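Trainee: Sequence:
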Amino acid sequence: MPKLTLKYLLPCLLLSGMSLITVAEPLPLDHKKIQKIMAQLHIPGAAIGVVQNGKVIAAQGFGVKTLGKKAPIDANSIFKIASNTKAFTAAALAILVDEEKISWNSKVQDYLPDFKLHDPWVTKEFNLIDLLTHRSGLGLGAGDLMLWPEPSSFSRAEVLHNLRHLKPTGEFRADYAYDNLLYIVASEIIPAVTGMSWEAFVEKRIIQPLAMEHCFAGNVSPQKLKHIATPHGMVDGELHTIIRPIDPEKPSVSAPAGGIQCSLNDMLTWVTVQLNQGQTATGKPLFSEAQHKMMWAPHTIMPVSWRSKHFDNTHLSAYGLGWRINDMDGYLQVHHTGSLAGMYSFVSLFPELDLGFVVLTNQQSSAARSALMYTVMKPYLGDANTDWLAKFRPSNKTAANQHTNKSEKHTVPIDLSHADAKAYIGTYEDPWLGRFVIELSDNSENALLKIKALRIEKFVGKLYLIESSNRVLIRWDDRSLEADAIIDFNRNELGNIIGMTLAPASKDVDFSYDFQDLSFTKL
Numbered sequence: 001m002p003k004l005t006l007k008y009l010l011p012c013l014l015l016s017g018m019s020l021i022t023v024a025e026p027l028p029l030d031h032k033k034i035q036k037i038m039a040q041l042h043i044p045g046a047a048i049g050v051v052q053n054g055k056v057i058a059a060q061g062f063g064v065k066t067l068g069k070k071a072p073i074d075a076n077s078i079f080k081i082a083s084n085t086k087a088f089t090a091a092a093l094a095i096l097v098d099e100e101k102i103s104w105n106s107k108v109q110d111y112l113p114d115f116k117l118h119d120p121w122v123t124k125e126f127n128l129i130d131l132l133t134h135r136s137g138l139g140l141g142a143g144d145l146m147l148w149p150e151p152s153s154f155s156r157a158e159v160l161h162n163l164r165h166l167k168p169t170g171e172f173r174a175d176y177a178y179d180n181l182l183y184i185v186a187s188e189i190i191p192a193v194t195g196m197s198w199e200a201f202v203e204k205r206i207i208q209p210l211a212m213e214h215c216f217a218g219n220v221s222p223q224k225l226k227h228i229a230t231p232h233g234m235v236d237g238e239l240h241t242i243i244r245p246i247d248p249e250k251p252s253v254s255a256p257a258g259g260i261q262c263s264l265n266d267m268l269t270w271v272t273v274q275l276n277q278g279q280t281a282t283g284k285p286l287f288s289e290a291q292h293k294m295m296w297a298p299h300t301i302m303p304v305s306w307r308s309k310h311f312d313n314t315h316l317s318a319y320g321l322g323w324r325i326n327d328m329d330g331y332l333q334v335h336h337t338g339s340l341a342g343m344y345s346f347v348s349l350f351p352e353l354d355l356g357f358v359v360l361t362n363q364q365s366s367a368a369r370s371a372l373m374y375t376v377m378k379p380y381l382g383d384a385n386t387d388w389l390a391k392f393r394p395s396n397k398t399a400a401n402q403h404t405n406k407s408e409k410h411t412v413p414i415d416l417s418h419a420d421a422k423a424y425i426g427t428y429e430d431p432w433l434g435r436f437v438i439e440l441s442d443n444s445e446n447a448l449l450k451i452k453a454l455r456i457e458k459f460v461g462k463l464y465l466i467e468s469s470n471r472v473l474i475r476w477d478d479r480s481l482e483a484d485a486i487i488d489f490n491r492n493e494l495g496n497i498i499g500m501t502l503a504p505a506s507k508d509v510d511f512s513y514d515f516q517d518l519s520f521t522k523l
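Position one of the sequence shown corresponds to residue 1 (our numbering), numbered consecutively onward.
Source of the hints: derived by calculation from the structure; they are not laboratory data. Possibly wrong hints are sitting among the right ones.
Unchecked claim - Mimicking SDA-like on lysine to any residue, the simulated pairs with C-alpha atoms at most 25 angstroms apart in a straight line are: (1) K101 x G68; (2) K116 x M196; (3) K522 x M196; (4) K293 x H310; (5) K422 x A447; (6) K378 x P394; (7) K167 x P394; (8) K69 x S221; (9) K378 x P285; (10) K116 x A447; (11) K309 x P285; (12) K70 x H310; (13) K124 x K69; (14) K250 x E203; (15) K204 x P285; (16) K116 x V97; (17) K378 x D488; (18) K124 x H165; (19) K309 x G330.
Quantities reported herein were computed from a predicted structural model and do not represent experimental measurements.
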């Protein structure tokens with residue numbers, strides 16, 4: 001198989017003074033290190049695999065599917081792969097490009113007339129590549145509140161329509177800012193040109209041809225439900241299962257950005273096809289070599305983090321189509337992570353070594369995900385000695401819950417004795433997220449003020465006055481959200497409340513809770 005070299009894919013990158021290594025024999029998974037990471041970072045289960053030279057050389061499950069139960073994780077256990085779904089969505093479009101049903105440089109409005117951004121010129125110029133490369137000019141995670149926390153009551157058509165209300169924070173085709181909404185938009189091109197849903201197309205044109213029997217773009221088949229791993233997370237310092245009440249009759253609005261559920265064995269099949277430039281085990285291409293190059297070409301320059309510079313000797317980072325691309329220890333790395341409530345994943349490929357890695361976990365710990373991947377991956381790149389648990393472990397054991405602890409300090413529950421309590425009560429409307437209602441929690445004399453979102457089931461919480469300020473804290477009843485928010489009420493010249501804005505209560509709140517993009521008017 002011809003190799004795609006770093007020089008070929010990143011011509012602007014000059015690598016000097018780096019020595020090449022040769023990987024001869026497969027390296028075994030270090031069970032002791034893996035189990036130590038899982039124990040210390042509270043990971044109930046993980047599935048880890050390696051592909052080398054077109055063969056699966058490791059595929060192992062560790063731990064259990066569900067906390068407190070005995071059913072073990074194995075290579076057929078089904079995990080949510082979250083944003084590793086984006087590569088599937090990009091590949092689905094690549095298949096349609098191969099068939100000349102769409103073109104990468106075509107304008108989005110040619111296929112989706114309702115597509116409209118805040119800036120009319122950007123709307124007119126926006127093409128299919130722009131949908132997949134995080135260079136729209138929108139802010140980090142803009143509009144993600146229409147997707148998460150699940151269940152979402154929004155449709156993909158509403159997500160498409162509501163983009164016009166999101167104001168840009170950066171420059172079109174110049175500034176990188178990760179988004180999910182535009183992958184939803186990208187998925188809507190599929191039914192527009194084929195008449196098939198994104199789910200049906202991905203399963204018929206990608207999953208079924210690759211015989212990925214434990215992988216699903218839509219609902220998991222009843223026969224495979226026993227294989228599903230349960231999501232977990234740390235809530236107030238303790239490990240809990242995280243269950244979201246999902247309607248099986250309704251497609252997940254976020255699926256094209258992060259909804260595929262897949263086993264380790266099937267992800268290793270997917271990785272093998274990627275390393276083989278789209279060629280399948282039968283010799284029939286899933287997509288052409290030209291589209292493979294397109295998906296792995298750098299389209300948007302990304303910043304290089306301190307960690308990447310010091311851990312990986314990285315010089316340049318970019319985003320392709322559904323993939324991140326950078327150099328690591330002198331080799332091209334093509335990779336992506338996935339993060340959903342209770343499930344984190346990591347896929348990392350080294351095409352020059354014909355080498356790929358997959359890590360799937362059923363706990364929302366980025367530290368564990370990275371420590372596991374680096375522990376398995378780095379020995380192949382010449383480093384078998386670094387303690388990656390020590391490198392990635394949070395410096396403070398309570399770091400994962402710091403924002404929760406901070407939000408509880410110096411606050412007082414708001415009841416009717418508060419001077420502005422009655423003024424706060426009412427209905428507030430945001431143009432794209434809809435209505436929030438502030439009301440009394442019950443009819444008693446000691447009732448507290450609560451807030452609830454009419455379109456987001458999980459957004460129900462109590463209001464607290466932050467001492468020494470006029471700001472109000474929302475503490476959501478579901479503590480697994482880890483996304484408390486601050487309210488600032490807007491008043492007119494007479495002092496009457498006419499609206500409110502929200503902001504994350506802490507920098508630790510995930511960027512997908514983009515409260516800062518909301519602007520409510522009191523009705």
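Trainee: State for each hint whether it applies.
Mentor: Here's how the hints hold up against the structure:
1. Of the supplied pair hints, the one linking K101 and G68 is violated, its CA atoms being roughly 50 angstroms apart against a limit of 25 angstroms.
2. Restraint check for K116 and M196: satisfied, since their Cα atoms lie roughly 23 angstroms apart, inside the 25 angstroms limit.
3. With a CA separation close to 41 angstroms, the supplied pair K522 and M196 exceeds the 25 angstroms bound.
4. A threshold of 25 angstroms between alpha carbons decides the hint, and for K293 with H310 the separation of about 29 angstroms lies outside it, so the pair is violated.
5. Pair hint K422 plus A447 holds up; C-alpha atoms about 12 angstroms apart against a cutoff of 25 angstroms.
6. With a C-alpha separation of about 20 angstroms, the suggested pair K378 and P394 falls inside the 25 angstroms cut-off, and the hint holds.
7. Taken as a hint, the K167 and P394 pair is broken in the structure, with Cα atoms around 34 angstroms apart against an allowance of 25 angstroms.
8. For the given pair, K69 sits about 22 angstroms from S221 by alpha-carbon distance, which is consistent with the 25 angstroms threshold.
9. Of the pairs offered as hints, the one joining K378 and P285 is violated, with about 31 angstroms between alpha carbons and a cut-off of 25 angstroms exceeded.
10. Restraint check: the Cα-Cα separation between K116 and A447 comes to about 44 angstroms, which exceeds 25 angstroms; the hinted pair is violated.
11. For the hint linking K309 to P285, the alpha-carbon distance of about 36 angstroms lies beyond 25 angstroms, and the restraint is violated.
12. Between K70 and H310 the alpha-carbon distance is near 40 angstroms, which puts this suggested pair outside the 25 angstroms criterion.
13. For the hint linking K124 to K69, the alpha-carbon distance of about 54 angstroms lies beyond 25 angstroms, and the restraint is violated.
14. Annotation: proposed proximity of K250 to E203 holds, straight-line Cα distance about 17 angstroms (limit 25 angstroms).
15. Of the supplied pair hints, the one linking K204 and P285 holds, its CA atoms being roughly 15 angstroms apart against a limit of 25 angstroms.
16. Of the supplied pair hints, the one linking K116 and V97 holds, its CA atoms being roughly 23 angstroms apart against a limit of 25 angstroms.
17. About 47 angstroms separates the Cα atoms of K378 and D488, which puts this hinted pair outside 25 angstroms; it is violated.
18. Of the supplied pair hints, the one linking K124 and H165 holds, its CA atoms being roughly 16 angstroms apart against a limit of 25 angstroms.
19. Between the alpha carbons of K309 and G330 the distance comes to roughly 12 angstroms, so the proposed pair stays at or under 25 angstroms and holds.
The structure fails to meet hints 1, 3, 4, 7, 9, 10, 11, 12, 13, 17 from the earlier list, while all remaining hints are met.
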